[in-house]
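Put the two chains together into one complex; each comes in its own frame, and the hints tell you how they fit.
One line per chain: the protein sequences are A and B, in this order. Read in order, the letters of the first sequence are residues 1 to 333 in this note's numbering. Read in order, the letters of the second sequence are residues 334 to 627 in this note's numbering.
The hints are simulated quantities; they were obtained by calculation from the structure and are not laboratory data. Ideal Cβ positions, reconstructed from N, Cα and C, are used throughout, including at glycine. Among the hints, a few may not be true.
To be verified - Once the Cα atoms are required to be at most 25 Å apart in a straight line, the calculated SDA-like pairs of lysine to any residue come out as:
1) Lys129/A <-> Leu586/B
2) Lys129/A <-> Val451/B
3) Lys129/A <-> Val602/B
4) Lys82/A <-> Asp28/A
5) Lys82/A <-> Glu148/A
6) Lys129/A <-> Gly449/B
7) Lys289/A <-> Ile516/B
8) Lys129/A <-> Asp547/B
Unchecked claim - Calculated Cβ distances over 10 Å to all of chain B for the following chain A residues:
9) Leu22
10) Phe25
11) Gly55
12) Lys82
13) Tyr112
14) Val127
15) Arg157
16) Leu163
17) Thr192
18) Ser212
19) Thr239
20) Trp283
21) Asn286
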Amino acid sequence: MSRTTLRTLIVFVVVGIVVFALPAFVTDFRAQQFSYVGIYLVALIGLDILTGYTGQISLGHGAFMAIGGYTTAILMTDHGVKDIATIPIAIVVTGVAGYLFGLPAARLSGLYLALATFAIAVATPSVIKRFEGFTGGGSGVNLFGTPELTASLTPVRFAGLELNFNNWLYYLAWSVAMVGYVIGWLILRGRTGRAFRAVRDSETAAVSSGVSLARTKALAFGISAAYAGAAGALFAIATTYVNPDTFPVALSIFLLVGVVVAGLGSLTGLIVGAVFIQFMPLWAQNVSKSPGAPAVVYGAILILVVLALPGGAAGLFVRLQQLTRRGRNFQKP
Amino acid sequence: MAQFFQQVVSGLASGGVYGALALALVLIHRATGVINFAQGEMATFSTYIAWTLTTNHGMSYWPAFAVTLAVSFVGGVGIHQAVIRPVERGSQIRVVIVTIGLLLLLNGLMTWIWSGEVRAVQSPFPGGTFTIGGVAIAYQDIGTIAVCLAAVVVLWAFFQFTKVGLALRAAAVNPAEARLVGIRVPLMLGLGWGLAAVLGAIAGMLTAPSVFLDPNMMQSVLIYAFAAAVLGGIDSPVGAVVGGLILGVGLNLVGSYIDFVGADLRLPVALLVILIVLLVRPAGLFGKPQVKKV
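Excised from the complex, chain B in its bound form (with noise of 0.2 Å):
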C-alpha cells in the first residue's frame, strides 16, 4: 500500500507539470482560439535560458528562475505581435501551422545556440524523502507541486480580483465588444500568450531536474498536457489542472501496475485518452458543450 501512495504523489508531481501546461495551452487557447503546437517548445527555451543563467553566470536558483519568468514573459508577447497577430483572423489551419513554424524554429535555435547535447539541471529542492506513516515522499516531488499550485492559484486571482484580468477576459470571450469599451484587445491577446509562456517556464523548469535537459525535453510531456486539456475541457482553466493531476496520477498507476503498458505505452496511452474524449465527451469534463448554429 505504500508503494501506491508513493506512486501517488509523484504521479501528482508529475501531473502538476502537465496541468502547468495545460493551463499555458488553455489560455492561448481562450485567447487566439487555437493551440499553440510550440508551447513545449517555448518551455524548453526558458528552461535553457535558466540553465545559462545559473551556470554561465553564477546566479543561484530562484533569482534565475525570477529572470527566466520575466524574459520568457517578454518573449511570449513578443511572439504573439510579430507572428500570430497577423494571422489571428485567418482560418485556423494558418495559425496552427505557424505555430507549427515556431516550433520547428524554436528548436533548432536551442540546437544551433546550446547543441544538442543532454544536460543535467541541478534541483531546487533537497535531493532526500521523508516519510509519513511508511510513506516516503521525495522532497523533489513536494516542491514541484507547491510550486505549481502556487502558480494556478496566483493566476487565478489574477483573473479573478484585477481589473486586467478582468480585461483579459473580456477580450478572450467576446473581442468587438471588448474594444467597444476601451479595452484594448491585440494587447490583452499578447498578454495571455506572455502568461502562457510563463507557466510554459515554470513547466519546464520543474521538469528538468527529474528528466535530463536537450532540445526534445517537453514534446512528450506536451503531448500530456494535450490530453489534460482535453479531458478537462480545452477552454477550462480549472478542467486543465484537474485533467493535470488525474492524468498525472493515472498515468504513474496504469504504468507501474499494468505491465503491458510499462513505462513505453504511456504516450500511446495520451493518444488514448484524447481520442476516447474527444469522440465520448468532445466538452471535456468541466468545459461547455459548443451549440454551433448552421
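If we strip away everything but chain A, and leave its shape as in the complex, we get (with noise of 0.2 Å):
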C-alpha cells in the first residue's frame, strides 16, 4: 500500500468518526443543517469527477438534483414506495438521463457546453410546472407525514438508538455522502479515472491514446448525473417537498461555486465547498439583512477565488504545506 494511499485511508477514517459522532454534541437544528452539508457533498463530488476531473463544465446539475427529487416525490407518494428505496432508483433514473444528454453534449466544446447546461437549467422549472399532471405543477409534492417517510411522525429505532427525524436525516445523508466517496475515489484512481483525466488535459492525446471521447464524456454526464439525482432524491426527502423552485437556477449556480471554492479536481477539498454552500448565506446575514446578500458574497468570493487562489480550498492547503515543508527544510543544517 503506497503512502498517499494509507493516509487517504487514515484522513476518512478520522473524518467518518467525526461524523459519526457529530449530532451527540450539536444541536438538533445544527444535525440539521449538516445534513444538508451531506446532500451537497454528494452532489458536489458528482460535479466535480464532471468539471474537476473530465473538463467538462456543467451549469445545469440543479436539473439532474430535480430529476432525482420527482423520482422520489412521484415514487413515494403515487406508488407508496419508502423513501430510502427511492434512491437506488433515483440515481439509475437520472444516471440514465445524464448518459442520453452526455451523448449529444460531448460534441460541444466548452463554451458551448456551459451554454447548453445553463439553459437546461433556465428551462427546468418551467417544464416541470408544464406537466402538472405528473409533477404537481406548480403547488408542487407535499411528502411530509406520509408513511413512506421515515422518522417523520414517529422516531426510528437503529441499532439501538432512538433517532428523530433530522438525526435520521443527518446520518442518512452522510452515509450517502460517504459511499459516494469512495465510490467516487475508486472510479477516479482506476483506468476510468485516468481516461477522464487525459480528455480534460488535451482531448487530442486522449484519442490518440485510444480513449473514446464521445462515450468517456458520456460516462462521465452519467456518473455525474447519478451523484446530483442521490443528492436530489435526499433533498427532497430533506425538505419533505418539492416544487419547482426547490431547483431553482441558483442552486446549480451555486454548486459550481462550491466546486470552485473546494478546488477543482480534489475529492477531499469538497467538504469546505459543501460547508460554504450551507452556511455562506447564514455568514452573509452578518453583513447586511438584505436578502441580496448572500448572492453579493457568493458572488464576490467566487471572482476573489478565480482571480487570486485558483487551486481553490485544495490548493491552499497544497500551498500550506509546501510553505511548512520548507521551513522544515530550512532548519536542516
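What follows is the structure in C-alpha cells.
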C-alpha cells in the first residue's frame, strides 16, 4: 500500500468518526444543517467528477437534482415506495438521463457546453410546471406526514439508538455521502479516472491513446448525474416537499461555486465547498440583513477565488503544506 | 390572417430585443472569446438606473435613457478592467466562472439596493394601436423595433466607418498584430465590453415596460439571446440580429398556434434551438465554420 493511499485511508477513518459522533455534540437544528452539508457533498462529488476531473463544465446540475428529487417524490406519493428505496431508483433514472444528455453534449466544446447546460437549468422550472398531471405543477408534491417518509412522525429505532427525523436525516445523508465518496475515489484512481483526466488535459492526446471521447464524456455525464440524482432524492426527503422552485437556477450556480471554492479536481476539498454552500448565506446575514446579501457575497468570493486562489481550498492546503515543508528544510543544517 | 400578422409584428418587437442582447453577447465573444453570463444582469442593472432617474430624480424618459447609456458604458469598461482583464489570457472556464460570479454579484446588489419588489416601468411610447389593412399594431412594438434597429445601424456605422471601430475589429481579430501597429488592445477590448453594456441597457429598458422590473427580469431574455446568437453564429453581428428576429417571430407563432407549447414551453423550445443548431451546424447561419489545427 502506497503512502498516499494509507494517508487517504487514515483521513477517511478520522472523518468518518467525526461525522458519526457529531450529532451527539450539536443541537437538533445544527444536525439538520449538517445533513444539508452531506447532501451538497454528494452533488459536489458528482460535479467535480465531471468538471474537475473530466474538464466538462456544467451549469445545469440543479436540473439533474430536480430529476432525482421528483423521482423520489412521485414514487413515494403515487406508488407508495419507502423513501430509502427510492434513492437507488432516483440514481439510476438520473444517471441514464445524464448519460443520454452526455451523448450529444460530448460534441460541444467548453463554452457551448456551459451555454447548453445553463439553458437547461433555466428551462427546468417551466418544464416541471408544464407537466402538471405528473409533477403536481406549481403547487408541488408534499411528502411530510406520509407513511413512506421515515421518522417524520415517530422516531426511528436503529441499532439501539432512537433517532428523530433530523438525526435520521443526518445519518442517511452522510452514509450516502461517504459511500459516494469511496465509489468516486475508486472510479477516479482506476482506468476510467485516467481516461477522464486524459480528456480534460488534452483531447487530442486522449484520442491518440485510444480513449473514446464521446463514450468517456457521456460516461462522466452519466456518473456525475447519478450523484446529482442521489443528492436530489435526499434533498426532497430533507425538505419533505418539492416544487419547481426547489431546484432554481441559483442551485446549479451555487454547486459550481462550491466546486470552485473547494478547488477543481480535488475530492478532499469538497467538504469545504459543501460547508461553504450551506453556511455562506447565514454568514452573509452578518454583512447585511438584505435578501440580496448572500448572492453578493457568493459572487464576490467566487470572483476573488478565481483571481487570487485558482486552486481553491485544496490549492491553499497544498500551498501551506509546501510552505511548512520548506520551513522544515530550512532548519536542517 | 390579421391575427397572424399581429403575432408577427409583436414577434419582431421581442425579436429586436433578443437581437440587441445577442449582439452584446457577440461583441464580447469577439473581443474576449467568452460568453458573458452576466449580460442579462448588467442589462437589468442599467434598467434600474433608468428607473431611479425617472421616478426618484424627476428626469423625463429620454434624458434618463441617455444618461443610463453613458453610465452603462463606463460600467462595462470598468467591469472589464477590474475582473475580466486579469483572467483573459487563462482558460475559458475561468472567465466563464468570473462572469457567473458577476451574475450573482449584480443580482444580489440589485436586490440589496432596490429590494426584490416588482416595479412597473413607464413606456416612452404611446399606449394605443393603429391599424393598417385590418392589422392592429401597437405603438410600443413599432417603437421597440425602431430603437433596436437604430442601435444596430449606429453600431454598424461605428465599426465600419470610424478609426476606433477599425481598431476594435483589429484588436478582436488579431490582438498580437494589432498591438504591433500601435493599437492599445486591452483598451479596445474594454471598449467592446462598454458597447456591449450599452446594447444590454437598451434591451433592458425596452423590455421593462412590457414585463415588470425585478432583478431576474432578463434571465429568460438572456436565454433567448443565447439562442439567437447561436442561431446566427456566435461570431456574426448580422447573424445575431437576424437570429434574434427569427427567434422572436418563431417563438411567438409557435407559442400561439401550437397548444402543446403555449406560454410555458417557450424557454425549452429556445433550449432545443440551441442544441439542434450546435449539433447540426455549430457555426450558425452566418458564421464561418472553424477549422481546428492539431
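To see whether the hints hold, each was checked on the structure:
Note on Lys129/A and Leu586/B: the hinted pairing holds, with a Cα-Cα distance of about 21 Å set against a maximum of 25 Å. For the hint linking Lys129/A to Val451/B, the alpha-carbon distance of about 22 Å falls within 25 Å, and the restraint holds. This hinted pair checks out: Lys129/A and Val602/B have alpha carbons roughly 15 Å apart, not beyond 25 Å. Taking the CA atoms of Lys82/A and Asp28/A, the gap is about 24 Å. The hint holds against a cut of 25 Å.
At roughly 5 Å between alpha-carbon atoms, Lys82/A and Glu148/A fall within 25 Å of each other, so this suggested pair holds. At roughly 23 Å between alpha-carbon atoms, Lys129/A and Gly449/B fall within 25 Å of each other, so this suggested pair holds. A distance of roughly 47 Å separates the Cα atoms of Lys289/A and Ile516/B; the hinted pair therefore is violated under the 25 Å criterion. At most 25 Å may separate the alpha-carbon atoms for a hinted pair to count; Lys129/A and Asp547/B meet this at roughly 21 Å.
No Cβ of chain B comes within 10 Å of the Cβ of Leu22/A; the nearest lies about 30 Å off, and the non-interface call holds. Against the 10 Å criterion, Phe25/A stays outside the reach of chain B, whose nearest CB is about 34 Å from its own CB. At roughly 8 Å, the least C-beta separation between Gly55/A and chain B is not larger than 10 Å, which violates its mark as non-interface. Non-interface call for Lys82/A relative to chain B: holds, since the shortest CB-CB distance, roughly 33 Å, exceeds 10 Å.
Residue-level check failed: Tyr112/A sits 5 Å from the nearest beta carbon of chain B, not beyond 10 Å. A Cβ of chain B approaches the Cβ of Val127/A within 10 Å, the least distance being about 6 Å, so the stated non-interface status is violated. Chain B leaves Arg157/A outside its interface by the beta-carbon criterion, the shortest separation being 44 Å against a cut-off of 10 Å. With a least beta-carbon separation of about 36 Å from chain B, Leu163/A lies farther than 10 Å from that chain, consistent with its non-interface assignment.
With a least beta-carbon separation of about 22 Å from chain B, Thr192/A lies farther than 10 Å from that chain, consistent with its non-interface assignment. Look at Ser212/A: its CB is around 17 Å from the nearest CB on chain B, clear of 10 Å, so calling it non-interface holds up. No beta-carbon of chain B is positioned within 10 Å of the beta-carbon of Thr239/A; the least distance is around 22 Å. A cut-off of 10 Å between C-beta atoms confirms that Trp283/A is not in contact with chain B; the least separation is 14 Å.
Distance check for Asn286/A against chain B: the nearest CB is about 14 Å away, which clears 10 Å, and the non-interface claim stands.
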